[in-house]
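K.L.:
Chains A and B, in that order, are what the protein sequence lines are. Sequential numbering of the first sequence, starting at 1, is according to the numbering used here. Sequential numbering of the second sequence, starting at 95, is according to the numbering used here.
The hints are simulated quantities; they were obtained by calculation from the structure and are not laboratory data. Treat the hints with care, since some could be wrong.
Claimed, not checked - To spell it out: a stretch of chain A is covered by chain B in this simulated footprint if at least three of its residues, at any positions, have a beta carbon under 8 angstroms from a beta carbon of chain B; those stretches are:
#1 23-32
#2 53-63
#3 82-92
Backbone N, C-alpha and C fix where the C-beta goes; we use that ideal spot for every residue, glycine too.
Okay, here's what each chain looks like letter by letter:
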Amino acid sequence: MSSGKVAGGTVLRFAAHAKFRFDEVRQAWILLMPERLLLPDEQAVAVLQLVDGDRDADVIIDALCAAYQAPRDVVAGDVLAMLQDLLDKKVLRE
Amino acid sequence: MTSPGRPPVEPPLALLAELTHRCPLRCPYCSNPLALERAGAELDTETWRRVLDEARAMGVLQVHFSGGEPLARRDLAALVGHATKAGLYSNLITSGIGLDAARMAALAEAGLEHVQLSLQDADPARGDRIAGLAGAQAQKRQAAGLVIEAGLPLTVNAVVHRQNLDRLGDMIELALALGADRLEVAHVQYYGWGLHNRAALLPSREQLDRATADVEAARARLKGVLTIDYVVPDYYARRPKACMGGWGRRFLNVTPSGTVLPCHAAETLPGLRFPNVVEASLAAIWLQDPAFERFRGTAWMPDLCRSCERREIDWGGCRCQAFALTGDAARADPACALSPDHALLAEARGEAANAGPDFVYRQYSGAARRTPEIIA
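Working from the sequences, and respecting the hints, build out all of it.
P.N.:
Quick look at the structure:
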């Protein structure tokens, strides 16, 4: 009964309780959850802006490689690890 | 506005809106003050709406509707709706008593994002005894079902102490059965009512070690299913907690009658006058009020804390605990092993080891009644 393993074809969306919003007061993206709140760094914001319940991880990785002109294996490693972590923490769901 | 030990004041992250002190439960560790506020003193709907607007405008992101029992306020859904419109993430902290299908639907419709339901024990009779209300546990189960049916995320908040800690494993199972995706295992905090009943509630080291092991095992087993928040309690800590993330740094609290506090227990501290929302805007209070300035940053600290490398990690620990245990709110938190007062915690543990299970229920001022009946 544990959460799944994130792979290239995995499509993720935000869990119902996780709200990813731009805060005008701080001029920053904020991830709001029950009793918790994250201020994602620039890299994480770039990933989370692409999480929409439609794009799979491969599409997200390709988009980031193009945007940052970074090697795909490096980007893929970072993105998959981050998505897995957020899935395990139930910030994201399948 | 910057000086050494006085970083610029950042906007608060969260508001604890204590809508009322009225509550059908009488838990002997209630976080409300010993002097409870009566219904007649409560802020009206319009004033709460203004408080919510001011909170969002100054940077507050989350509002926790709490009490007492916030469901005792008939305007709860209206206030949740207002918070949603203002752009606040809203959380309901409730006993579950008084939640029915109609109110749950109204709250969900109003945009409530999350419900935190208190749990007194895994065993219904023991839970009802701590809650001081027959049938409380059954109503909580029902409330959890309504939250899940409404599709809202549920956190179970299990408040633990000597009289229920041995059933933590059962409480974890119950949280799962209720459909929670988060469990907060919250050790009783010993201020106010909790301090009054400390000898009856403080756990032993052996209990604590077993509970910590239970939590670690459950966390590994339930990864991705149930998130468990758990912190070692102050009375067994080596370093103090960063209470409220630092005084006047992250959180503010508004009491039922509108008093604005840096934490819910701050009114226990003598010599501080806390402002009211009817006198000034939340932003003015946050930025300028002397009571909010009093323990902000590091300049107020005793040398022991100010020279410590952890001064901006734990911010000197908890002011209310320092006062409750030493009589001086500006001393180091005795939870710190470096504090000259650290032995007070060992004394309290020793006192609790020899004390029985009787406690005083939370109640409006008047004669204190002892626990009526102990379940063997």
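K.L.:
Against this structure, judge whether each hint is valid.
P.N.:
Results for each hint:
Counting residues of the segment 23-32 of chain A whose beta-carbon sits less than 8 angstroms from any beta-carbon of chain B gives 5, enough to reach three: the coverage restraint holds. Interface restraint, the segment 53-63 of chain A with chain B: violated (0 residues with C-beta to C-beta distance below 8 angstroms; minimum three). Chain B is given as covering the segment 82-92 of chain A, and this holds because 4 residues of the stretch bring a CB closer than 8 angstroms to a CB of that chain, at least three being needed.
The structure is inconsistent with hint 2 alone, although it conforms to all the rest.
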